[in-house]
Amino acid sequence: MIEVISILVIVFVILLVMDVPIAVAIAVSTMLAMLLEGYDPNLMVASKMANGIDSFALLAIPFFILSGILMGRGGMARRLMDLAATLMSRFPGGLAYVNTLTCMLFGSISGSAAAAVTSIGGFMLPEMKNKGYNNEFSVAVTTTAATTGLLIPPSNIMIVYAVASGSVSIAAMFMAGILPGVLIGLLLMAVCFIIAKKTKLSAGEVASIGQIWEAFRRAFYSLLLLVIVIGGILKGIFTATEASAIAVAYAFILSVLVYREVKLNQLPETLLQAGVTTAVIMLLIGASSGMSWIMTISNIPQTVSELLLGLSENPLLIMLMINLLLLFVGTFMDMTPAVLIFTPIFLPIAKTLGIDPVHFGIILIANLCIGLCTPPVGTCLFLGCGVGKTTIARVTPYMIPFFVAMFVGLMLITYVSGFSMWLPELFGL
Amino acid sequence: MAAEIKEGGLLGGAIAARKALTSALRWIVIVLMALLVLDVLWGVISRYAFGQQAKWSEELARLLLVWVSLFGASVAFAMKAHLGLDYFARKLDPSARKLNKAIGVAVCLAFAILVFLVGGIDLTLKTFESGQTMVALPFAKWWAYAALPASGVFMVLFLVEQLIEAIASPVEDDEEVAK
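The listed protein sequences derive, respectively, from chains A and B.
With our numbering, letter number 36 in the first sequence gets 36, and the count goes up by one each step, no holes.
With our numbering, letter number 8 in the second sequence gets 437, and the count goes up by one each step, no holes.
Among the clues, some could well be false.
Residues from chain A that face chain B, not an exhaustive set, calculated with beta carbons under 7 Å [unchecked claim]:
#1 ILE22
#2 ALA27
#3 GLU242
#4 VAL248
#5 GLY275
#6 VAL280
#7 MET282
#8 VAL377
To be clear, the hints were calculated from the coordinates, so they are not data collected in a lab.
Note that the coordinates shown come from a computational prediction; the quantities given were computed from them, not determined experimentally.
The beta-carbon is built from N, C-alpha and C at its ideal position, and this holds for glycine as well.
Modelling step: build the complete structure from the supplied sequences, incorporating the hints.
In structure tokens, the structure reads:
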């Protein structure tokens, strides 16, 4: 078994460092481990790959990706921002709150932190620069706030986790993410509040009730989508997959027929982009299902579990160790592969400690959200620096207070299970 | 970057062939995605309109998802869209970076040949021999797996082309700027 672990880890890390696509790195290290254990690696990985993708729950992923792209291009981000602006620009440093709230709303609707950074950052960063905000501070706000959308449903990464864990309901994950997502959003706003006071940021105009109503009316149909998707899943009217297909139809009608910001001849390209993004995630899922199979066959999760539990019996301490390890992994690995690789290893430990799989999933995702914003490798940080035309080195000092806020949020989410479990239990999920 | 590459015989031909292949494959993915959306929407509508969901719609959706994913995976190789970690590779000096790139593409090529072609054909034939059929669709089960070798042919061609490009192209000095 020690040989299997060594092969998996060494081959995977070497290929990862060489910039081989992560899915290929997972598949190749898995194949060598299978060879060692006496299985036919070609047939085995091919079959694990095809069967790993063949799932009705995973169907929600291409649809949420597609509806996210349609909404990003279809003018919904702009409308949500206008609504947030009428509500919050009146406060000192108001645009920082507007940015955070818009990222929460749009990140939630589009299910993608990357889309939130580019769409919201594209509008907000020039606006904040015009109003005299420090550009690096603005990039730090956008980058960190965008990740809250991964916790607030609907969220593709939760579907990936639900499938990887094998036993968790997507509806429960969606409900569980709401409060943690809002909590981290509020903590980020608290950082904005302190910085606004310290650097004496100015307040914007106070919007009248009429203006707020007008902005709300314009953003209404974008917000209604959230209500339909979440409400529909919660009430059991439709499954997550059906809800995602309805979201596509809704986003299509809104962006192509009503707002007319997406042209019909742009649709093939939109479908292609969604298809390729889906394929990248699915290849990772397919390859990981092979890896998790060989790990299970060789008792690896059990061994890691015994090892960790041998170090300490204290659940608080073990969860801290798992969190620190994941924070380290998150600095250089993207969220989807990290969830796929570490769910089968750490979930059994969490279960042993009496942590609900739903709660553990939220901890895992909240943790890896931080990794999306940290150098050396952080998708959101890269995109944020690109949109804000600045460098990682210049933004990093401004990120630090936000990292502290996210870490505090992570600890609260880890040790106060109510944040995650209250809503799912309330709805009997 | 393409302008830097000499449009010589082998390389130029390979690039032209890739363009035609990529375009064909893109349309396969676009059509499959469109069918997928329509199929699942039809499933929802039929459940409400007729009180019962057509049994074939879920099975077809899963088949389409497998096909979109496996064909899309090939497009993603052509577009270099697969997730990787370029942090360390970018720190290498240009000639080491070129070698690293060539080895990386060769690993992907080995993966494509072994899993998508060899494993895929093996799996398709075994399922074909077993005579396994789908539950509600009038297809044999091997149709789902046939996407592996079918997409694998494209994947191998793209990767061979990229391998030639990685070996034949001059050492790049300023890729960081392009990034």
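Going down the list of hints, with the structure as the test:
1. ILE22: Check passed: Cβ of ILE22(A) comes within 5 Å of chain B, closer than 7 Å.
2. ALA27: Result: holds, 6 Å to nearest chain B Cβ.
3. GLU242: 5 Å, holds
4. VAL248: 6 Å, holds
5. GLY275: Holds. Min distance 4 Å.
6. VAL280: For VAL280(A), the interface hint holds, since the closest Cβ of chain B sits about 5 Å away, which is under 7 Å.
7. MET282: It holds, given that the least Cβ distance between MET282(A) and chain B is near 4 Å, below 7 Å.
8. VAL377: 5 Å, holds
Checked against the numbered hints given earlier, the structure satisfies every one of them.
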